[in-house]
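Residue numbers (the working numbering), protein chains in the order written: chain A, 1 to 369; chain B, 1 to 369; chain C, 1 to 391; chain D, 1 to 391.
The reader is advised that the hints may include incorrect statements.
As the list claims (entries may be wrong) - Here are some of the chain A residues that sit facing chain D, going by a computed Cβ distance under 8 angstroms: (1) R17; (2) L19; (3) L20; (4) V26; (5) V238; (6) T242; (7) L303; (8) I323; (9) F350; (10) E363; (11) L368.
FYI, nobody ran anything at the bench for these hints, they're computed from the structure. Ideal placement from N, C-alpha and C gives every residue a C-beta, glycine not left out.
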Amino acid sequence: MEFTFDTEQIALRDAVRGLLRSRDDVPADQGFDPAMWTKLAAMGVLGLPFSEDVGGMGAGPIEVMIVAQELGRVLAPEPYVDSVVLAGGLIAAAGSDEQHATLLAALAEGESQPILAHAEPRTRWGTDAYGVVATSTTDGWTIDGTKEPVLYGDSATVLLVSALVGEQTKLFVVDPDEPGVTRTAYATHDGRRVARITFTKAAATPLGDAPADSSVLKDAFAQATIALCAEALGAMEVALDTTVGYLKTRKQFGVPLSKFQALTHRAADMYVSLELARSVVQYGAMCLAEGVEDPLVASRVKLQVSRSARHIGQEAIQLHGGIGMTDEYTIGHYTNRLTAMEHSLGDATFHRARLAQGLDQREIVDLLG
Amino acid sequence: MEFTFDTEQIALRDAVRGLLRSRDDVPADQGFDPAMWTKLAAMGVLGLPFSEDVGGMGAGPIEVMIVAQELGRVLAPEPYVDSVVLAGGLIAAAGSDEQHATLLAALAEGESQPILAHAEPRTRWGTDAYGVVATSTTDGWTIDGTKEPVLYGDSATVLLVSALVGEQTKLFVVDPDEPGVTRTAYATHDGRRVARITFTKAAATPLGDAPADSSVLKDAFAQATIALCAEALGAMEVALDTTVGYLKTRKQFGVPLSKFQALTHRAADMYVSLELARSVVQYGAMCLAEGVEDPLVASRVKLQVSRSARHIGQEAIQLHGGIGMTDEYTIGHYTNRLTAMEHSLGDATFHRARLAQGLDQREIVDLLG
Amino acid sequence: MRLRLSAEDAAFQQDMRTFFTTQVPQETRDVIAHGKPLTRELIVETMQILNKAGLAVPHWPIEWGGRGWTTLQRHIWHEEMDLAGVPTPLAFNASMVGPVIAQFGSHEQKQRFLPATANLDIWWCQGFSEPDAGSDLASLRTTAVRDGNEWVVNGQKTWTTLGQWADWIFCLVRTDPDAPKKQQGISFLLFDLTSPGVTVRPIKLIDGGYEVNEVFFENVRVPADQLVGEENRGWDYAKFLLGNERVGVAPVGATKLRLRTARERALEPMADGSTLLADPLLAARFAELENELAALELTALRVAADSSDGRPDPASSILKLRGTQLQQDVTELLVDIAGHDSLATGAGEDSDVPSWAQRSVPTYLNYRKASIYGGSNEIQRTIIASSILGL
Amino acid sequence: MRLRLSAEDAAFQQDMRTFFTTQVPQETRDVIAHGKPLTRELIVETMQILNKAGLAVPHWPIEWGGRGWTTLQRHIWHEEMDLAGVPTPLAFNASMVGPVIAQFGSHEQKQRFLPATANLDIWWCQGFSEPDAGSDLASLRTTAVRDGNEWVVNGQKTWTTLGQWADWIFCLVRTDPDAPKKQQGISFLLFDLTSPGVTVRPIKLIDGGYEVNEVFFENVRVPADQLVGEENRGWDYAKFLLGNERVGVAPVGATKLRLRTARERALEPMADGSTLLADPLLAARFAELENELAALELTALRVAADSSDGRPDPASSILKLRGTQLQQDVTELLVDIAGHDSLATGAGEDSDVPSWAQRSVPTYLNYRKASIYGGSNEIQRTIIASSILGL
């Protein structure tokens, strides 16, 4: 048991941190910086989790966590978790050899950006499709229906689409530039881009040799959830640092805010929340790395991280006071982004329900086995 | 709309408060002070809610609230809510004329102490009996089974017993000194007395001309719940006063605790909890007085009061520090008693479930109509 | 003790409800009911409808449009407005500068300003906070120096709510920098925002909207007759103004309206035909919030029913503290009900994501202000601890 | 980063589990599992079993019974004890006075006290807090004045846990009242509680039990060779002692044991045949607590796995703060599961009210101490804010 990074992992962290320092403005109609995406590719970060024979680095969930955490620290809007971990993870898990060779290699090189189009309005975060249907025709598969909100759906170069085949949800690959695919893009509350994607007899190919079953979504969601939680952890670190810094420098009634015990004690509670989140994120990444077979791990991680994120996000603004409400100051953006992450890949209620189910059949968890 | 007491009500409050100042030691094997019971009778307090023709004062729920609140302020162990409000209320609501004349008159005079024996082990706070059965014989009714915990069950001179008749729960009157009734008494955690009562072919008479249905329990529980909440309100008032007094006088690090903002802000939150509790208690009493027909009123009151009681009880000890843990100091007794009240007549979870049920069928409550 | 409204008050409530639901256009009230942003025009139009009916400034002196109502009646008036989704009279006019002028202003000032203030012909904003004088308001540094028959104002205000829509500002300025205490030497000045030397810079907030402003003064010349009351007594007037309001401090009606909306949302069928309210955990959260709101409403009624004088009451701090907590809790609930639909912020009308869900996070973020502005919750706790508990 | 235990540590864990579940009598472990009060005899007997096996004081220097384990191994040792329901070695002996004597005592003191301390032949208690020196320990007023080859002690200690069962006390006393700072001039003295002039008065607690004591000293004469280390350096030794423990600070194993028990209770059929755990709200509360406890356990493991030195670590404050919160949450859960059965405190064995339900409120009340004793949660927050956050 060890909770420390090795030298290579520290080097990776420092390299990513350094790279992220030099950011250009993000084009508003894109929602992220394509130049940064290219730089991340050049550093090998986009191919990190994929095997070397498809152009990846063959690294593992710990390295993915490290990268995601750094992205979170600067609120980087690049679709690392969405494209590399989630969509890339799905292709790696369920794609055919040919899909591995083409899609993953292009993703690792920054030339392709696959995105999963799964969410539909008025649904929760399960693995089912509701209103999107795949039909087998003599010319192959076609897809009909609407997916929304699809994060980064407008910039995606490849769409992985979940669709009903009969009563089963299966996965397909769709080229968004083909006829029958309409994308309407707009901004999320945290300034990223999201799309409504309507499919009308859109040509689709199965993910995998036969279309993969929705069960592959479960593992991919687990991996993406833990990476997203690492991103949230990075954001929480900086949110607390920023708040502490503000308490030290800002004066009221002639003294720094850090003289007000009612405030410093609340900062202490935020720190506890942060460290609990750090513990579960590292746990989650290590479980993935070691193939721990508890399907509830991602839910454990997301539940704690969601609680910590809401606590830290709300308190960070409150302890800043008015300035925390302004767009000009950074802290509100952290709270904003943390709110988005809370409601991505399952919120606290969703994951708690998974953990509560079956409590009559299983013992209280024993982490050390 | 008015939230103030009239002159008579203030006089009642002051009289009860004065009376309660002169308390003798409570005999440990009794759990309350019989001399005080007699004095309360002499003041007319025990007959307060009953009509004048059965020896009562014909007063209403507001007056009952005032008395209960005063009892709560000094943690008076006398069975006012249990005997006068709950058992007395049941007799008044469902008893025969003869039962009114005998039982209520004796109760008002302090000569009889009726108690409801309803709780059974491993049950929640509904109106059903489970393991206690009434049988109709040629000689009248007999009862078999065990009730526990029955607060003040050992000192009761009359027992009202809920028992199954077929699948229905009905109410009976049992003389505890008759053969077939065994009472084992012991202490509650807050130093009152409670009994396990076993009935073996114990002779019983119906409450009312035919045995009253368990539905009468519902109204009686509602009245008793609101009175109990008034008692809790009194206890919370003093718990907060005591805590505030302690913060003003106790020094640490050379200054009074009241200089530590982390503590005073928590005292402020306790005050908010107290005032919210006061509002709902007064609301509940006024609803009873005016015959408001919302069956959820008692649940509204108990839910808020339970939340306030737990908050104030826990914080009162914490803000006292070590001294709050001692039997010698009063504050722990307040927390102890508040904990008992929380788990009497339905806890927060029980009442919240009642309020949550049917939310799809009814609108958010509008208190002003 | 009596829960029911008197016959008179019950009739009063009915009158209010009828007026607000029939005389204020449905389209205006839908803006609030659906949580959409209000425009300047809607606020002005509504306040003029109310003023015409004598419902804009009922707590003012009768000769200036007041109605001599009891506090309970004012409470009812305010709650019924909120529940009907009526934009309430602009606080800067109706609750802030108006009462100060009515109480402390000269007769000329009253004649000049009060009718226009009640009718929102002048839109006022508040110049109190400064970059280094927020919670610690008395540290303010904006100065006014007498020059002949004018005051010359220099300095900066901030957090000036809706300053971008305002015509005039009421402003605390330091007129005696040598006063022994920082609370002394402050005056209460009124002036036109179009005066030369005034710059209003809107501040973008985290929800993407604009509500507050920085206001800069560079040698702004203000006629001496626009100083209210006595020179150097401005702090007293500010305290009067801030402690003046005991009605509508806890936004009970507005929060109830939002909770009702949340309930309707949670009853709308999901894609799989289920409803969210069928989840016992969500139902329990509703029941809990509903009950907390009821306890707050009863507390607000206690404060309203049991006071007839206009003095500031520390109980207002409970209402402010608890009121903003619940206000925030309900916005949080709506985000959680929206789920991942809450990411679809800019989806617009063509989307199947309901528009309330699109707005849920900006609204949630916007209401983080509630526990900060107007005396932060920390300030309210300090007031409760000191003024009520004597700590 | 590696989650799995090394083969060595996994074997170590298995050894511990085997030892604790086979060598400590089931009846002893049932006392803890069922939440019954421990007796002096059980604690002594268990510590002697552990000591015989080299498991009582593994963190001491090897020559005095230590094992040279890693912090992680000590963590595993402690958790396995807790999970098995083994009464842990008496903290006053094993974690407090023992390490101080081993580090700062004379060779004679070590020989005289350490073996007897490890074997609980001497039961120690702690004489630190005084009526006016609780959180502010440095204000202590108990004095020791040198008289020939003895110290004469006068004063009063309080909150002396299990003093009623103790043989000896380790005591902070003021030996130089003129020292410039109150932290200076304090010495660390050991003495026999049967010495003339010592009075121990047990304090009854709100759960009805006795755990802490007042201890009075009236001209108690203590041989000079029972002063540990240097005169007037006692504050340093006390800080060493208080900051010495990083293992077992958060009672994870004990809380987990209690949560397991709570789950079993919630699965026992009620009178109507239902189980409480079937209620989605209770199940959600369990899931939430289980997860919070897991996050705490992981944090404790991080602290344990990543440190090999013995210096005090402010991270211990997180463990203490959060650990006691969850400890209290679980006692609260048990009361709520008990429902009205929780009133049947004194029912005894003949009752159908299960005995855990009978004990639920006294246990809940007793554990209110957890956030007060040993550095209150307020003190822990202050440490986190200052030592970690630099506030």
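For each hint, the structure was consulted:
1. R17: violated, 18 angstroms
2. L19: Violated, about 22 angstroms.
3. L20: violated, 22 angstroms
4. V26: violated, 31 angstroms
5. V238: Violated, because the Cβ-Cβ distance from V238(A) to chain D comes to roughly 14 angstroms (cut-off 8 angstroms).
6. T242: Nearest chain D Cβ about 12 angstroms off; hint violated.
7. L303: holds, 5 angstroms
8. I323: Because about 18 angstroms separates I323(A) from the closest Cβ in chain D, which is outside the 8 angstroms limit, the hint is violated.
9. F350: violated, 12 angstroms
10. E363: Since chain D brings a Cβ to about 7 angstroms from E363(A), closer than 8 angstroms, the hint holds.
11. L368: L368(A) check passes; min Cβ-Cβ to chain D is 7 angstroms, inside 8 angstroms.
Hint check: violations occur at hints 1, 2, 3, 4, 5, 6, 8 and 9; the rest are consistent with the structure.
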